[in-house]
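If you're matching them up, the sequences are chains F and Z in order.
Okay, so the first sequence: first residue is 10 according to this note's numbering, each after it adds one.
Okay, so the second sequence: first residue is 461 according to this note's numbering, each after it adds one.
Heads up, none of these hints are tricks.
Covered stretches of chain F, as calculated for chain Z (at least 3 residues, CB under 8 angstroms):
| id | region |
| --- | --- |
| 1 | 51-60 |
| 2 | 108-119 |
Think about it this way: if two alpha-carbon atoms lie no more than 30 angstroms apart in a straight line, the pair counts; the simulated DSSO-like pairs of lysine-lysine are:
| id | chain 1 | residue 1 | chain 2 | residue 2 |
| --- | --- | --- | --- | --- |
| 3 | Z | K480 | Z | K526 |
| 4 | Z | K501 | F | K79 |
| 5 | F | K111 | F | K66 |
| 6 | Z | K524 | Z | K474 |
| 7 | F | K65 | Z | K501 |
| 8 | Z | K501 | Z | K524 |
| 9 | F | K68 | Z | K501 |
| 10 | F | K65 | F | K111 |
| 11 | Z | K501 | Z | K480 |
| 12 | Z | K524 | Z | K480 |
| 13 | Z | K526 | Z | K515 |
| 14 | Z | K501 | Z | K526 |
| 15 | Z | K515 | Z | K480 |
| 16 | F | K68 | F | K111 |
| 17 | F | K79 | F | K111 |
| 18 | Z | K501 | Z | K474 |
| 19 | F | K65 | F | K79 |
| 20 | F | K68 | F | K79 |
| 21 | F | K66 | Z | K501 |
| 22 | Z | K524 | F | K111 |
| 23 | Z | K526 | Z | K474 |
| 24 | F | K66 | F | K79 |
| 25 | Z | K526 | F | K111 |
| 26 | Z | K515 | Z | K474 |
| 27 | F | K111 | Z | K480 |
| 28 | Z | K501 | F | K111 |
| 29 | Z | K515 | F | K111 |
In short, the hints are calculated from the structure, not lab data.
C-beta atoms are modelled at their ideal positions from N, C-alpha and C, and glycine is treated no differently.
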Amino acid sequence: TQLLEQSPQFLSIQEGENLTVYCNSSSVFSSLQWYRQEPGEGPVLLVTVVTGGEVKKLKRLTFQFGDARKDSSLHITAAQTGDTGLYLCASGGGADGLTFGKGTHLIIQP
Amino acid sequence: GAVVSQHPSRVICKSGTSVKIECRSLDFQATTMFWYRQFPKQSLMLMATSNEGSKATYEQGVEKDKFLINHASLTLSTLTVTSAHPEDSSFYICSAKETGFSYNEQFFGPGTRLTVL
Chain F
10 TQLLEQSPQF LSIQEGENLT VYCNSSSVFS SLQWYRQEPG EGPVLLVTVV TGGEVKKLKR
70 LTFQFGDARK DSSLHITAAQ TGDTGLYLCA SGGGADGLTF GKGTHLIIQP
Chain Z
461 GAVVSQHPSR VICKSGTSVK IECRSLDFQA TTMFWYRQFP KQSLMLMATS NEGSKATYEQ
521 GVEKDKFLIN HASLTLSTLT VTSAHPEDSS FYICSAKETG FSYNEQFFGP GTRLTVL
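Please put together the full structure from these sequences, using the hints given.
See below:
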């Protein structure tokens, strides 16, 4: 099972600031997914990255996949209170279940 | 499209009783469903893979006799927590993969909060 390290584990910033969270592994990802989960709900898929060096944008969120496909980052520009949540990276899928990182608990303060 | 429901959303039970949680794919067929468990302030951990018409595959450390999984149709998988104890209190989340769809995306249900007194 591939181990995913996420950092930081907790992050609390003011509204309007920028932030980056990271997901790393010692082995190559075939693909990587980013999810956002709110308390008491299931995770919601934000993006899937597959190709090394890939960059995907989702409004104020920018996702990067490392060239060697061992790391990924999620950058949020001008954070809003609605961005508060648990951000999870995950690998695997297909016939197998997903392996999740421990997540980044993000709090955006007004 | 691709909606997954879970029932119940919350359940409180006494220690020693059994609890059944349903996971349904509402608008697609799912040969494969997955069950995850999430403790407070922690991430999701895969418990088992549920395959329609066959036995579930359990992850290491998950007791198959305690967590009974049945996937009797292409739209329904059930997880029964038998003889529940307080340490089984957790957030149980299922996901479903659409049959015949090559893309790896799994669609998650809203979760079931189990509290064992």
